[in-house]
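As given, the protein sequences belong to chains A and B, one line each in that order. So that you can map any letter, position 150 of the first sequence is 150 in my numbering, and since no number is skipped, the others follow by simple counting. In short: position in the second sequence from 1, add 1000, done, that's my numbering.
Among the clues, some could well be false.
[Said to hold, decoys possible] Below are the DMTMM-like pairs computed for lysine to aspartate or glutamate, each with C-alpha atoms no more than 20 Å apart in a straight line:
(1) B/Lys-1180 to A/Glu-11
(2) B/Lys-1483 to B/Glu-1536
(3) B/Lys-1309 to A/Asp-54
(4) A/Lys-73 to B/Asp-1303
(5) B/Lys-1002 to B/Asp-1033
(6) B/Lys-1311 to A/Glu-59
(7) B/Lys-1180 to A/Glu-40
(8) B/Lys-1183 to A/Glu-59
(9) A/Lys-132 to A/Glu-59
(10) A/Lys-62 to B/Asp-1161
(11) B/Lys-1204 to B/Glu-1346
(12) B/Lys-1183 to A/Glu-70
(13) B/Lys-1311 to A/Asp-54
(14) B/Lys-1309 to A/Asp-55
(15) A/Lys-63 to B/Asp-1303
(16) B/Lys-1194 to B/Asp-1327
(17) B/Lys-1205 to B/Asp-1037
(18) B/Lys-1309 to A/Asp-76
(19) A/Lys-2 to A/Glu-79
(20) A/Lys-91 to A/Glu-59
(21) A/Lys-98 to A/Glu-120
(22) B/Lys-1457 to B/Glu-1431
(23) B/Lys-1180 to A/Glu-70
(24) B/Lys-1183 to A/Glu-11
(25) B/Lys-1311 to B/Asp-1281
(26) A/Lys-73 to B/Asp-1178
[Said to hold, decoys possible] Cβ pair distances, simulated, as ranges:
(27) B/Ile-1288 to A/Leu-148: 38 to 46 Å
(28) A/Leu-148 to B/Leu-1029: 52 to 60 Å
(29) B/Arg-1537 to A/Gly-22: 43 to 51 Å
No lab work stands behind these hints: they were computed from the structure. Where a beta carbon is used, it is the ideal one built from N, C-alpha and C, also for glycine.
Listed below, chain by chain, are the residues.
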Amino acid sequence: MKQHIISVLVENRSGVLTRVSGLFSRRGFNIESLAVGTCEAPGMSRITIVACGDDAHIEQVKKQLNKLIEVIKVIDITERSHVERELVLIKVNAEPGKTRSEVMQIADIFRAKIIDVGQETVVLEITGDTEKIRALEELLVPYGILELVRTGKVALQRGAATISPGK
Amino acid sequence: MKTGARILIDNLKEQGVDIIFGYPGGSVLPIYDELYDADIRHILVRHEQAAVHAADGYARASGRVGVCLSTSGPGACNLVSGIATANMDSVPIVALTGQVPTGMLGNDAFQESDITGITMPVTKHNFLVNDTIRIPQVIAEAFYIAGTGRYGPVLVDLPKDVLMRSVSPEEILPGIPDLKGYKPTYHGHPRQIKKALDLLRESKKPVIYAGGGIVASGASEALCRFAEEMEIPVTTTMMGLGAIPSDHPLNLGMLGMHGTKFANYAVTGCDLLFTIGARFDDRVTGKIDEFAPGAKIIHIDIDPAEIGKNKAVDVPIVGDAKVVLDDILERLNPEDRVIRTAWLEEIGKWKKDHPLTCGNGGGLHPQQIIREISTLLDGGGIIVSEVGQNQMWAAQHYGFKKPRQWISSGGLGTMGYGFPAAIGAWFARPEETIVLIAGDGSFQMNIQELGTVAQYKVPVKMMILNNMYLGMVRQWQELFYEKRYSYTELPFVDFVGIAKAYGVPGRVVESEKDIVPALKESFETDGPFLIDFRIEREENVFPMVPAGAAIKDMIGEHVEQEDD
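Take the sequences, apply the hints, and build the full model.
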């Protein structure tokens, strides 16, 4: 079982996301994360799906995705040279004084941004790969993480390789 | 200016639609008003489920796209089993459903259901038409998707205001498909085809395993030529029956759970399984690890997702069965033909030792009824079955000669499918004798369609193999649940009396000597006719592979007796 990052180019129509996610659920494939948004091609969206499975499993996922009428291209970029990022917002306990300055120092080291400060809390924004985010999360646990939200992974191949339409 | 309903009718005609099976209701009134004087024939069924099954039967019999129409909400929901049936068996149909006006969508309005959401997993694709000007494009796309690549059902949901709004011709989007992500592959890759031929040359014990894809793509003649030129025995799935004539010397009959012993032995013993338009369904393979265990596998299929799904494949060929087979035939050289006398003799011995047999004892045996029908029609006509024992007896014992002669719900196993499908088949091919093989259980699932056959004088010959049981379930209970017949016994029904109430003639047959006279009477009668065959109650379908066992391990053969 390995984590795969699948990049899917789809037509931007209502119901497409339901078709994609429905395909996963009814075939018993588990989605770890899913990020979607419009992209450079007009009328299209790019979906990044992270899913776990053996090779045969992932091959079947790709084939089933390709069968959807509104899916234009599917590519598993795990094995290809690529960059990946995830954005996470973390609300953490940070009472004024020593605690708050410690949290701010940690944020600084991880190049996380402080985007909100409350009476006893701060909200951190961090972008990065899974390991960096996990490391920050672990450091913040002792202070008390009140809420955490993540976008899911987005990824692109390095260099000139694309899955734009027509290429 | 034209209304959406008018535009819809015009576009259906452009697609060549001349018949629709449907049932009216509030949200499709604009369409029905247009149908009132359109030159498209509308067949009024008695239940929406019958409309979709009839469209499916029409499509399977004709090879064209079948069309059904229902209202929103309950009407649309009643189509679901039929759509799922068509989806599992790759049948091209377009289902048109009414919908509440766009302004009321999502409000839980009267007779509203999210039918595109409901049918997403069981359609090839579906549409909610949100603007009148899009109707021509959506209809063009729906028919294109349904009738190309791997065929399948497409649903088009039409809100009432979209149907009622009038638009000027210049506003309307052209009826041209705009589908960037849909490009079916028809031609097999030449390198893969060469690899397949190499394997074929090396093989000493090849078997062709042919499925419904042969029938769908019209590859039957190419299949027979290929088998004959290479002298390779052919076994077909239930969906592939008729792809090769039953009496063809290379035909092994059906394989799988209720296949012939010799087909299952041949597949188990082969060194090369040449799979065409079949999908390694569990009812065919039994225990997957012991299916063709020593064989290299070639798999030709138009749907790439079927290749390698259940069984690893040595040579995958994505393409249309007919296109690829024609291509292979063109490339065959005299040296590709290998003499495989020993293999054919081995199979010949299995054939001789394990023929399909009729039941024993003095009762009325369903196998014999099927054989008599086959003899009387000389293996002609269109045989439509329900689901269960009746289906398996028909599949095993009818002597099919051609493709599109056998219509049956395979993948989904939908009881109640056969009767309305038979109606649809007759509208597709009215010159053929249409025979429905039914069980008493299945027949009662859409028995109301007696009204439809009576109204339109549809000459379906209804053969009810009546054992007053849900026979196949009872068989499983007998074999695997210690004869605890939990809720599978059905009370007596006077089928002939019910038919009579609808104005359909019929008769009861209780003894062997009455089989042929009754069949003759039914075939000589104009219009529909029902025969209630009171068969041996606990007759079983044999041979049988228990679920999960290897297909070579078949059980429960009758004591062998004379084959005829």
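Hints, one by one, checked against the model:
For the hint linking B/Lys-1180 to A/Glu-11, the alpha-carbon distance of about 8 Å falls within 20 Å, and the restraint holds. Restraint check for B/Lys-1483 and B/Glu-1536: the C-alpha separation of about 17 Å stays at or below 20 Å, so the hint holds. A hinted pair counts as satisfied when its Cα atoms are at most 20 Å apart, and B/Lys-1309 with A/Asp-54 qualifies at roughly 13 Å. A distance of roughly 16 Å separates the Cα atoms of A/Lys-73 and B/Asp-1303; the hinted pair therefore holds under the 20 Å criterion.
For the hint linking B/Lys-1002 to B/Asp-1033, the alpha-carbon distance of about 14 Å falls within 20 Å, and the restraint holds. For a cut-off of 20 Å, the pair hint linking B/Lys-1311 to A/Glu-59 stands: about 13 Å separates their Cα positions. With a C-alpha separation of about 16 Å, the suggested pairing of B/Lys-1180 with A/Glu-40 holds against the 20 Å cut-off. Distance hint between B/Lys-1183 and A/Glu-59 is fulfilled; the C-alpha atoms sit about 19 Å from each other, no more than 20 Å.
At most 20 Å may separate the alpha-carbon atoms for a hinted pair to count; A/Lys-132 and A/Glu-59 exceed this at roughly 29 Å. Distance hint between A/Lys-62 and B/Asp-1161 is unfulfilled; the C-alpha atoms sit about 38 Å from each other, more than 20 Å. Simply put, B/Lys-1204 and B/Glu-1346 have alpha-carbon atoms about 12 Å apart, close enough for the 20 Å limit, and the pair holds. The straight-line distance between the Cα atoms of B/Lys-1183 and A/Glu-70 is roughly 11 Å, inside the 20 Å bound, and the hint therefore holds.
Taking the CA atoms of B/Lys-1311 and A/Asp-54, the gap is near 15 Å; set against the 20 Å cutoff, the hint holds. Under the criterion of a C-alpha separation no larger than 20 Å, the hint pairing B/Lys-1309 with A/Asp-55 is consistent with the structure, at around 12 Å. Of the pairs offered as hints, the one joining A/Lys-63 and B/Asp-1303 holds, with about 9 Å between alpha carbons and a cut-off of 20 Å not exceeded. As the CA atoms of B/Lys-1194 and B/Asp-1327 are separated by approximately 11 Å, the hinted pair is consistent with the 20 Å bound.
Distance restraint check for B/Lys-1205 and B/Asp-1037: the Cα-Cα separation of roughly 61 Å exceeds the 20 Å cut-off, and the hinted pair is therefore not satisfied. As the CA atoms of B/Lys-1309 and A/Asp-76 are separated by approximately 18 Å, the hinted pair is consistent with the 20 Å bound. Taking the CA atoms of A/Lys-2 and A/Glu-79, the gap is near 11 Å; set against the 20 Å cutoff, the hint holds. A C-alpha spacing of about 38 Å is found between A/Lys-91 and A/Glu-59, which places the hinted pair above 20 Å, so the restraint is violated.
A C-alpha spacing of about 12 Å is found between A/Lys-98 and A/Glu-120, which places the hinted pair at or below 20 Å, so the restraint holds. Annotation: proposed proximity of B/Lys-1457 to B/Glu-1431 holds, straight-line Cα distance about 14 Å (limit 20 Å). Between B/Lys-1180 and A/Glu-70 the CA atoms are separated by roughly 7 Å; this keeps the pair inside 20 Å, and the hint holds. With a C-alpha separation of about 14 Å, the suggested pair B/Lys-1183 and A/Glu-11 falls inside the 20 Å cut-off, and the hint holds.
Restraint check: the Cα-Cα separation between B/Lys-1311 and B/Asp-1281 comes to about 10 Å, which is no more than 20 Å; the hinted pair holds. For the proposed pair A/Lys-73 and B/Asp-1178, the alpha carbon gap of about 16 Å is at most 20 Å, so the pair holds. About 43 Å separates the C-beta atoms of B/Ile-1288 and A/Leu-148, a value consistent with the hinted range of 38 to 46 Å. A hinted range of 52 to 60 Å holds for the C-beta pair A/Leu-148 and B/Leu-1029, which are about 53 Å apart.
Between B/Arg-1537 and A/Gly-22 the beta carbons are some 44 Å apart, a value that agrees with the proposed interval 43 to 51 Å.
Consistency note: the structure conflicts with the earlier hints numbered 9, 10, 17 and 20.
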